[in-house]
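Line by line, the protein sequences give chains L and P. Numbering-wise, numbering that gives the first Met the number 0 puts 108 at position 109 of the first sequence, and it's gapless, one number per residue. Numbering-wise, numbering that gives the first Met the number 0 puts 3 at position 4 of the second sequence, and it's gapless, one number per residue.
Derived by calculation from the structure, the hints in this document are not laboratory data. A hint or two may mislead.
Subject to a maximum C-alpha distance of 16 Å in a straight line, what follows is the list of computed EDC-like cross-link-like pairs (lysine to aspartate or glutamate) [unchecked claim]: (1) L:Lys45 with P:Asp66; (2) L:Lys86 with P:Asp66; (3) L:Lys128 with P:Glu14.
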Amino acid sequence: MKITTRQYAKSLFELTSGKSEQEIKGVISNFIKFLQKNRQLKLAGKIIEKFGEIYNKKKGIVEAEIVSREKLNGELIVKLDDFIKNKYSAKEVMLNNKIDEKIIGGVIIKIGDEVMDGSVGGQLNRLRKCLEIKN
Amino acid sequence: MNKDYIIDQLKKQIENFQSKVPTEKVGKVLEIGDGVAKISGLSDLMASEMVEFSDGIIGVALNLEEDQVGAMILGDYAGIKEGDTVKATGRILSIPVGGDMIGRVIDPLGQPLDGKGNIVTEKFYPVEKIAPGVITRQSVNQPVQTGIKAIDAMIPVGRGQRELIIGDRQTGKTAIAIDTIINQRGQDMICVYVAIGQKESKIARIAAELEKAGAMEYTTIVLAGASDPAAFSFIAPYSGCALGEYFMDQGKDVLVIYDDLSKHAWSYRQISLILKRPPGREAYPGDVFYLHSRLLERSAKLNKDFGGGSITALPIIETQAGDVSAYIPTNVISITDGQIYLESDLFYKGIRPALNVGLSVSRVGSAAQTKAMKKVAGKLRLDLAQFRELEAFAQFGSDLDENTRKQIERGKRTVEILKQGQYEPMAMENQVAILYALTNGFIDDVAVEKVKTWENDFHKYLKSSQKKVLDMIAEKKELTDEVVAAIEKAIREFKEIYQNGS
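Here chain L stands alone, though its shape is the one from the complex (with noise of 0.2 Å):
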């Protein structure tokens, strides 16, 4: 049977998962050799990223990529931190600061597959939406 890339990762997690670092390293090395041998090397890089995926949801960590016209100051991103924590029930957040001129203002906030629309042309564009429907 073929086994895919999530059963990789998830293999690998429980296999480093609660380990020290020398046993990481050896590990790791075994598991190389591992896919190597079963000619699935090419799948490292989607392992990696799946990895990263089962990782961050074990620890409860949470990536988040905010857009925004201007970059975020301190105290906005305090406020994000604390509401995407609240949201997700999350114990630490990574944010990822991107500027977009376009959006005209607010913030869209993405976390994994999932999109909070906050900005100003999103608005208009719901705006927009809404009036064609009632004419």
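Let chain L serve as the given structure and place chain P on it in line with the hints.
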């Protein structure tokens, strides 16, 4: 218009607008190919949920896999690029339905195609729906008058039945369906004609023909044209059925025609193959039987407690070179409650409608046939069957004994009477009168080549001078002694005038 009014209106509309920030599920387009998209993300998507591409085009999730979703695209997919964002809508594929759709030509998503303006609707119906269960149903007990003598007499269709029309190309399958729609005028029936992968010119012609006959007043055409994406052809019959269900839920009788389901199977095969579902026999996917059975099972006659509405389905299947044992025809034959089988040989012989009476059956319709028709039709079938057996001897002419010769002569006249032109559906009472005359030997002394003119003149005579007899048949729907006497009297009087006059 004054500008204050416009501003006022705008203010009102904006007042209702809520500036809430919704959380949306999004994914990314990984791959696009021939009307099907592979999308990553969209983790909590439902099966057959609608998704929205960045330019507002709708897609439907068909394949839900571990980390990607296969969706068919309902619309022009040329503008969709790899990496575009896709939003989940949280709604199962549904179409707007409403009474205003009657008389319109719409696409499978309920949008008008006839340029007669917007359609105002208040309700949404899911395109895919589980068929009504046993408790809600009732057996067929009311006829659908197709207006075609051969069908109404020998292959009767009841309201709530599924009767397949099957035959090669150019044998008059659509003609039967259109004649049936035209004949529903005044019969309290709403018709939905679903065109699947049909030429737009053909649909324009049909729409004009229905308009001319006044049949568009109770008909909706659901059109998925030959140049529309395969996804449209795939959902068209389900949309048409959803529209039919809307009327059925109001207790109305609905006639839905699917023209044709072979093209529907082709479009589903195309989508399935692009989605990489494993191909089976004739490269159709494994669930092609369920594809049609779940559609046709939605036709039903509901009982009084559930409104008493009905959906009658007339699916059409096109065979290749008369091969009814191909995959799709056998499937659909086994699902339906009978079939009307059309043959090209008969068609070219001039027998139109080109009905093969031997192979055509109706499994449940006879329960709904009017008593008058049942009485005259029983003899008709026998006459025809005997004629078919003896036909080969017909060329010997005078060498035959009296009885055989009589049967052959009767058969020839029966075939003549059952011929009927297109767009000439006939009322039940006229059918009963002419078939009574035929089966009781009143036409035996008319020359075969003159039977057709005799029939036409007979109907004209009934209409002008014997209206009472027709009304009596239409009202009683039974051949009581009184009615029989009236019919016989009318026939005798007509024959006298006819022979003396000509």
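Which numbered hints fail
2
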